[in-house]
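All chains, full assembly: derive it from the sequences and hints.
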Amino acid sequence: MRLRALLETDALGLRLLGGEDELDRSVRGVMTTDLRDPSRYLSGGELVLTGLAWRRDATDSEPFVRILAGAGVAGLAAGEAELGEIPGDLVEACARHRLPLFAVHETVAFATITEHVVRQVSGERAGDLAAVVDRHRRLMTSGPAGGGPEVVLDLLGSDLDLHAWVLSPTGRQIAGAGDTPLAGPVGAALAGHHLAATRTGRRAPHRATVGGTTYSLFPIRNAGRGAVPASRDVRESVLSDWLLAVEADASDWPPARLDLLQGVTQLIAVERDRRDAARTVRRRLAQEVLELVQTGAPPAEIAARLRVAAPVLLPGIGTAPHWQVVVARVEWGVAEGSATTGAPAGSSGSAVAGGPVAQALLEEILVDPAVTGPDSADRIAVAHTGDEAVALVPLPAVTAPAPAHDSGPDMMPAEASADEDPALHADVLLAAVREPLSAGLADDGRLTLGVSAAVHSPEGLRGALEEARHARRVAAARPGRVCAAGHHELASHVLLLPFVPDDVRRAFTARLLDPLRDYDRRHRAELIPTLEAFLDCDGSWTRCASRLHLHVNTLRYRVGRIEQLTGRDLSRLEDKLDFFLALRMS
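The sequence shown finishes on residue 586 if you use our numbering, and the numbering steps up by one all the way, no holes.
There's no promise every hint is true.
Claimed, not checked - Estimated spans, in silico, between C-beta atoms of each pair: (1) Arg15 <-> Leu35: 23 to 29 Å; (2) Leu16 <-> Glu82: 17 to 23 Å; (3) Ala111 <-> Pro185: 46 to 52 Å; (4) Gln262 <-> Glu466: 44 to 50 Å; (5) Glu20 <-> Arg478: 33 to 39 Å; (6) Arg524 <-> Gly211: 40 to 46 Å; (7) Arg96 <-> Ala277: 38 to 44 Å.
Worth flagging that the hints you see were computed from the coordinates, not collected in a lab. Just so it is clear, CB atoms sit at the ideal spot from N, CA and C, and this is done for glycine as well.
Dropping the structure here:
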């Protein structure tokens with residue numbers, strides 16, 4: 001049963017003093033104590049009842065509550081009979097440790113609450129235990145070796161009537177039972193809930209409601225060679241762990257059923273370990289190519305390594321593909337305490353290795369979100385060095401590589417038709433994953449990403465790597481937790497704009513555009529749209545008048561008004577450029 005159910009039972013006389021966000025905790029038992037340290041009698045999940053006889057002064061509350069929170073109790077109910085009201089120091093201590101606190105009216109006996117909790121919990125256990133034990137046996141003999149995680153999820157559906165899905169940290173479906181896929185936006189929302197709850201230190205399973213449906217979210221910890229020890233900073237694994245989403249409210253499940261689901265997550269973790277082992281070859285290929293490129297190896301040597309990589313990443317293509325380089329970096333700020341980051345208070349982001357985190361994220365981000373299954377990333381090779389991850393992404397040969405005006409001899413245009421162009425684009429790469437990743441990065445993490453143009457020869461690969469790194473630095477100059485930039489942003493004024501200080505931007509745009517905005521507001525004119533169109537038409541009076549459906553004389557009047565209000569001359573290149581930049585920065 002849940003704490004919320006106790007609060008809603010009028011006969012128990014409970015009044016909530018703190019912890020409203022934790023009322024979905026499951027109550028597995030009840031204990032009455034006035035010991036200063038009752039930890040040896042606690043196993044987790046209890047509602048603790050106390051008459052406050054242990055409290056001598058205000059300094060006693062903090063250690064008592066810390067002991068209860070460390071033991072994993074569900075909540076604390078304090079009687080008002082002894083002191084008349086609950087001390088403020090106890091309320092504050094419970095708030096610090098996220099422990100729900102109730103006041104018990106002096107007319108209600110602790111025995112009444114104990115009897116109610118025991119009756120509810122015992123009834124639930126009696127109905128479930130025998131069946132759950134049998135299902136646990138069946139699930140444990142039907143692990144990934146018998147057909148992957150889908151087999152386990154099918155058994156959850158047939159034996160427990162539970163719909164469940166395995167999701168990546170961005171919400172992409174990796175496995176699901178039957179023919180009922182989870183909608184992409186739902187998966188992303190669930191992943192965001194899970195990452196946010198994990199970063200705040202809440203105990204799993206996490207409860208989330210999306211689209212009117214309640215789900216319970218169980219983390220799937222990586223148990224293989226790449227696993228992060230439980231004692232390490234949660235930021236090292238939160239953005240790479242899978243999760244199990246179950247369409248049910250597990251907050252009032254009995255312990256046996258929760259243990260069953262924990263067993264399911266362990267089985268799926270075996271599949272995760274198998275998938276990571278299969279990625280080792282691709283990671284090694286990427287690492288070898290990256291080292292050759294960075295050390296300035298001869299193009300022939302790089303080409304030979306690419307010929308080895310191509311059949312592994314794009315089997316059966318017959319010809320050498322084009323390649324793109326994507327660079328990602330995960331940076332952590334100073335942690336503000338374990339409740340927020342999972343790191344010890346006062347620890348800094350420098351202690352968190354960013355490279356492996358960025359590597360796992362790139363392997364996930366570069367997967368087509370519409371593709372399901374644990375092996376859908378088998379065409380992506382990602383290496384990491386320091387805090388940076390570098391992805392070598394092969395592309396099938398493009399049929400019509402007409403050179404772009406800003407491309408070098410080894411660059412192919414990323415602006416072909418939709419059917420012909422398989423290249424990655426920075427502006428769409430993060431669209432489906434921005435929300436969940438922002439939740440996982442919380443208030444102290446940042447992901448920045450840069451994408452190169454595609455190259456078709458080993459000679460161009462070093463330039464592509466530098467181009468991706470420059471694009472990532474442009475993305476890093478922008479606000480936001482998750483930012484990306486592409487190669488096309490390196491060949492124009494867009495490269496410079498992110499580095500202009502905010503106060504300079506505001507002053508520059510206000511000086512040029514505020515007089516026009518004020519005039520438009522007072523006279524319902526359209527000077528700003530006219531200015532934008534005039535610049536887009538390269539100062540051509542006839543083309544601009546035609547676009548705006550105006551007579552040329554009307555256009556000339558408006559442009560004259562713009563020049564009068566701003567003191568600028570739109571026939572001068574310098575003034576045109578100033579207006580152009582002001583509009584882009586506004």
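Each hint, compared with the structure:
1. Restraint check, Arg15 to Leu35: a C-beta distance of roughly 24 Å satisfies the suggested window 23 to 29 Å.
2. The supplied range of 17 to 23 Å is met by Leu16 and Glu82, whose beta-carbon atoms lie about 20 Å from each other.
3. Distance hint check for Ala111 and Pro185: the Cβ-Cβ separation is about 49 Å, which falls inside the suggested range of 46 to 52 Å.
4. Between Gln262 and Glu466 the beta carbons are some 47 Å apart, a value that agrees with the proposed interval 44 to 50 Å.
5. The hint said 33 to 39 Å for the Cβ distance between Glu20 and Arg478, and at roughly 37 Å that hint holds.
6. At roughly 42 Å, the beta carbons of Arg524 and Gly211 sit within the given window of 40 to 46 Å.
7. At roughly 43 Å, the beta carbons of Arg96 and Ala277 sit within the given window of 38 to 44 Å.
In this structure, none of the earlier numbered hints is contradicted; all agree with it.
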